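**Q** All chains, full assembly: derive it from the sequences and hints.
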Amino acid sequence: TQLLEQSPQFLSIQEGENLTVYCNSSSVFSSLQWYRQEPGEGPVLLVTVVTGGEVKKLKRLTFQFGDARKDSSLHITAAQPGDTGLYLCAGTNFGNEKLTFGTGTRLTIIP
Amino acid sequence: DTAVSQTPKYLVTQMGNDKSIKCEQNLGHDTMYWYKQDSKKFLKIMFSYNNKELIINETVPNRFSPKSPDKAHLNLHINSLELGDSAVYFCASSRRLAGGADTQYFGPGTRLTVL
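Protein chains in written order, with the numbering used here: chain A, 11 to 121; chain B, 896 to 1010.
These are calculated hints, taken from the structure and not from any lab test. If you're wondering where the values come from, they're calculated on a predicted model, not measured in any experiment. Keep in mind that the hints are not guaranteed to be accurate.
What the hints assert, rightly or not - Here are the in silico distance ranges between beta carbons for each label pair:
1. A:T87 / B:H972: 40 to 50 angstroms
2. A:I120 / B:S975: 39 to 49 angstroms
3. B:R958 / A:K69: 38 to 48 angstroms
4. A:V60 / B:G923: 19 to 29 angstroms
5. B:D933 / A:P18: 15 to 25 angstroms
6. A:T30 / B:Q909: 28 to 38 angstroms
7. A:E51 / B:T908: 20 to 30 angstroms
8. A:E27 / B:D965: 41 to 51 angstroms
9. A:F20 / B:L978: 23 to 33 angstroms
10. A:V65 / B:V907: 37 to 47 angstroms
Unchecked claim - Some chain B residues close to chain A (C-beta under 7 angstroms, calculated; not the full set):
11. Y905
12. S934
13. K936
14. L938
15. I951
16. V955
17. A982
18. F985
19. G1002
20. P1003
Every residue gets a Cβ at the ideal spot worked out from N, C-alpha and C, and that includes glycine.
**A** Okay, here's the thing in structure tokens:
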């Protein structure tokens, strides 16, 4: 069973601060996605990374796929209350059609 | 317009009952999924269908039976409900079955509470 461990599990910071969320595994993934889920809703895809070492930016969010394709990070600059939510990483494997989700990080940005 | 819709939004029922959750997508996607999210927010795939054909069937009790009458619908029927079935169930769809890297669009979830 492939596991994706996210850290921290919970994070509460002040508006304007920077933060990084990590997604780690001992397994290699062919691609990795990050989702954000708000209360009472389903997860929404933020980004997909497919190449080892790849970095993608989405406004204040920066996503990186590890060189070995076993880990990923999400960095948020100048966090805003609208960034509050549950962040989930999810990986897929070569020849395996399913998404394996990470353990989740609950982020709260305090105004 | 809602892309992936689920009904009901909330379902409260007694142990031992049989219940169904319905899912519809209007995105024209070929692939649909059912996920279970537990109280710790861990999201795990249960089933996936591609063009009405069952592709993924994780280790799920056979009390759970998905049914896909057409590409746009994937329903989930649960027999003899147990306390441990309490969770939020999400339906999702993607354009095609492509190693999971394709964007999956999730419904709003159905919160099932078994008393």
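**Q** Output the numbers, in ascending order, of every earlier hint that fails for this structure.
**A** The structure breaks hints 6, 11, 12, 16 and 17; every other hint is satisfied.
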